[in-house]
Structures are given as structure tokens and as C-alpha cells.
Amino acid sequence: MNAFRVAVAVARKDLVSEWRTRELVPALAQFIILALLIGNFAFQVDSRNATAIAPGVLWLALVFAGLVAFGRTFTAEREQASFEAMLMTPASPVAIFAGKALAAGAMLVLCEAALLPALSLFFGTPFSLDLVAAVLLATVGMAVLGVLFAAMVARVRARELLLPLLTLPLWIPIIIAGATAVQAAFGLPGSYQEAIGLLIDFDILFVVLTSLAARFVLDE
Amino acid sequence: MSLVVANGIAHRFGNELALAGIDLVLDTGEHMAVLGDNGAGKTTLLRVLATALRPTAGELKIAGLDALREKRRLRHYIGFVAHAPGLYPALSATENLEFFCDLQDVSRSRAPEALEMLGLGAVARRRAGELSRGMQQRLAIARSILHEPRLLILDEPDASLGADAGELLGDVMRDRTVVMATHDHALANRLCPRTLLLKHGRSHGTPTRLSVVK
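As you go down the protein sequences, you meet chains A and B in turn. Whatever position you read off the first sequence (first residue = 1), add 79 for our numbering. To convert, note that position 194 of the second sequence is 178 in our numbering; the numbers rise steadily by one, no gaps.
Just chain B, with the same shape it has in the complex:
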């Protein structure tokens, strides 16, 4: 069953075309890597799929719902890790997650579970601003799975994660549909059977093992 169906997704920033008619069908449980140079449109595509950015043209359906009209309802299904961790530096790791449990309307007991899963149990009481960049990234990933999303959208999640990035992300991605932007082709190959290569906002050929996008 298709979880994500995008038809002709396009986006402009002023006169600049960031995405030019991307078509995409993603089935439940599939993992897809989005590859491309800086400025290719990866982040824009991910933000559109996460409903953080409204495309200037095209249609997007997620879990059968129109993503342009019902984005707030869809956010129960979507977990998003943006380029910046977006944490509250004065709050502890646990407090950061508990705050987002309240906003996601899930039990606060999810916070310690997510911290343990991401290997942050030992720093649970430390302020987010005092954590290393890698730990902050783990905390941002933990936040994205608090509400057990069906669709996980990860913008360069391996940034600063260190040597065990693949293993960690593999655990997080298990049993979920995932779209992940990365510059690490080896990691993409390891975690994602499908790959979408973007160039100047358009989908292009097959960099490694690609089966994409129709």
C-alpha cells in the first residue's frame, strides 16, 4: 500500500526553482535515500514531504490524506528531523522530550524510552545546550519518534552521529517508512533499497542501486 504519493511537486523561492515536478510513490515500510549536491533541492523536498513547506505546485497525499489541506492531522503520522536539531538549550534532554510529548499528546513515559533507544540515558538530566553536537542530533532523532510516526523524514541525520550512525539509524528506521537525505552514499546503500538523485530540483538517473520513482 502506498503511504506517500506525490505528483508534480514543484517549489519556487522567488524566481529560483528549487523543485521541478517531482513524482514519487513510496510504499509502507520502504526506505528511500535522497542524494544530491548542495542546493540540489533535497531539503526542500523533505520539507514539502514533512508538510513544513507548502509546494507552489503539485499534489501530495500521505496515508490517503491531502497533505496540503490536512497537514495538522497528518503530523500524527510524520516524524521530522530537520537540518538543525531545534532543541531548547536551557532544558534537560528529558525535559525537551517531555515538552514534545505534551505537544504530541502522548504519554511522558515515552521520553525515557526514546532516550534509551538513542543511547542518551546517561545524559538524560543534562541540559541540551551542554550536549555535544552528536548527542544533540540523537536527541532530535529521539524527539522525532516520540509519537511512533509511520513516516520518518530525516534531513542528513548522520551529521555528527559518529561511527555507529548506520546501526543507530537502522534501529530507528525499522518498521517505518523513511525518506532520508544524506551525502553519504555508502550509508544510503546500507539503509535504503531505493535512491532518488536530485540535480537542480529534478530527479536524475541512478547513482548506485536505484529502483526509483514512478
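This is chain A alone, in the form it adopts within the complex:
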């Protein structure tokens, strides 16, 4: 059984479904822009404090967008019973999980493609490759954890409440490292290299741990 073929098939299926229905990404992008707009007015941003406030607004928007995006990863499939059909094949649950995480991560990256230019527009912060790299690296860890917990709570009635309760504590290290990297990319104090190193470490750790756990979470 070719795990790569399975992961690509699952990711492609999710992305094609999203492209045709456009249920999630446009709404999330809209939400992100609104969050930035509210942040811009609520904090009374000016040229002196913009770089200090912008990283916080960016991560708040990203966290809530991520919770919505990952929370919907399994919901429709559970309701349509297509998830069971997928699990009834000999395909490895780890490969299925990888495909789901890949697709959910890609959808969040699409939202980030709206978020980062909008952040520069509303807060006047510099747009740089360092900023993009920090956000993309954080997305990897957020996606694997978010999709794993979304799979765990998909059958629970209070899943909208449980998902943030389970996910946010484990996202905190990623957000701290990501926020430090973004602040450094904006020219504020902090070591960019150290923060990026930490993000890579967290990504490796969470990819390995969630892959090990996915077998048990998806199999039963």
C-alpha cells in the first residue's frame, strides 16, 4: 500500500471539494480581514506602536481561523458517513491523517495569503520572507495538532467547545516561538534564528507525535 498515494489522494479530494463548494476559505479570509480591521481600530494603532501590536493581532486572527478550519476537517465527512467508507479501506490511517493535515494546512496557508498583505496594509508593518517563513513553519505544527484533535472530537456533541480546549494548550509553544520570530522580523528585540529553530523543533516533534497517535485515533 502506497502511503504517499493515499495522502495525496485525500489531500486532493479535500482541496477539490473546497474549491468547488467554496465553503471555508472565502469565509475565513473575510474573518481574518475583519479581525485585522477591528484590531486596527481597537488598539488605536499609529506609526510608533504598530510593530508592537501587529504580531499579537496576527496570531489571534491565525489561531481563531485555524480553530474554525481544523474543526471542520472531519465534520462533513462524519455527517455524510464518507469518513467510515474511507476508513473501511486498507489505507493506512497515518496516510489518511497526513492527507487531511496537508489539505487543512493548505487552506490555512491560503488564508495567510490574505492575512499577511492585509497586515502590512492595516498596520504598516514590513512584509518580508522572514515573516512568511515564520508563519508557514507555525502552520505545520498547528495543522497536525489541530487535525488530530479534530479527529478525536468529531464524534462528540460538544466538539466546537472541546477542540479549542484540547488544541490551544498545545499550540501555545508554537505561538510563543512564532510571535518571537514575527517580532524579530518586524525589527523588535528577540532572536529570529532561535525562534525559527524552535519552530522547526516543535514541527518535527508534533509531526512525529501526531503520526503515532493518528493510528489509534482514526482506527477506532
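Derived from the structure by calculation, the hints contain no laboratory data. Everything numeric in this text was worked out from a predicted model, so none of it was measured. By construction, the Cβ of each residue, glycine as well, lies at the ideal position given by its N, Cα and C atoms. Possibly wrong hints are sitting among the right ones.
One side of the interface only, derived from the structure: several residues of chain A facing chain B at Cβ under 10 Å [claimed, not checked]:
id, residue
1, V85
2, E97
3, W98
4, E156
5, A160
6, E163
7, A174
Part of the chain B face toward chain A, derived, beta carbon under 8 Å [to be verified]:
id, residue
8, R56
9, L71
10, Q88
11, D89
Use these hints to put chain B onto chain A, whose structure you have.
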């Protein structure tokens, strides 16, 4: 040769006993209908046989393999049509089947073959969500035979299929071992020489022509 051997299969949902010690031996190529009222345990039995549900007690061997330990390996041999079609509404009929070809690790050329067999060639490019309930059911059946399973487990496959359900299912079931739950006793008689009647999770007597279960 026995393809399915079940001993004392039982399952509980909380305090409720859904299956109470079902014994079953099914030889290769046999067709068996599972009959019973709503809540009798038909779906639970079929889900256990399909390895979708782990029984709380009992032993199950399929193709000589322990179904409780080697279920992933066994899924190469099992085709399952559940009560709900379980399709992806935004994907076309062909895309639905091609996706499952990838998951079953079989060639995508199986998709058009299965569509033709189920009479869905004309709607191959239509989205599954736009198909009628009967066509969706045909598509779910097509998906279950993509990997040429030896054991086919069908949960009320005749639901929404229309007048030619018997003929269609007869084609699909040919040369396969089949366990099929249905409320249609006439269809069961036509397609299945063996019948298992369930009442409150227990196997009971013979409703029509029964030779079951030992």
C-alpha cells in the same frame, strides 16, 4: 471452504445488548440474507462482519485471518455497503470511485468498469450530490466492488434501487460470498439460498426457506 467463521459474536451499546452470541459459518460463494425488524441487530452484525465494529465478545475469522487483530489486512477481501451511501457530494461519480481506487491501491481503470456495471456510465461526470438517491446507492455499490472483494457485505442495498434491484444485485453478487441485510423477503428468497432471522440480537427460526447457521 469456510470464508467466514463467527463464534459467539456479541455486542453491547452501553447496557443494551445488540447482538447476543451469534454463531455463523459461511462457505465461499454462499449468499446469506439477514432478516429482522428494525433494531433486531442486522446492521450491528453486518458492521461486525465488515470489521467496522469490534464485537464486545466472540471470535471472528475471515479467510482464515483473525478479524479482530488483522482487520486492515482483511479489508482487501471485504466490500461493504453501509446504510448511508457515504459519498463525496462535490466530486463526480468517477472522481468518487477514483479516490477510492487510490485508497484501495487498485488501478483507476477500475472506476469506469464499475460505473458501467452499475449502469452509471451516463452520469459518470455528474457530481454525486446531484444524483438521485437510487443512483447514489448504485455508486456506493460500485465503490464496494472496486477491489474485487471476496466477501461482500450489503446493508439494505435494495433501498432506493427501484424495480431492477434484484437483477442488479444478482450481477454484483455473482461469484462472491455475500451477507445482505434486507426487509424485502422476496428479494432475499430470490438472491440468497440461506437466511438468518434476527430478533433482539439473537438468531431465530426460519422465516422462509432457511438452512442456517451452524
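Give me the numbers of the hints this structure contradicts, sorted from smallest to largest. none
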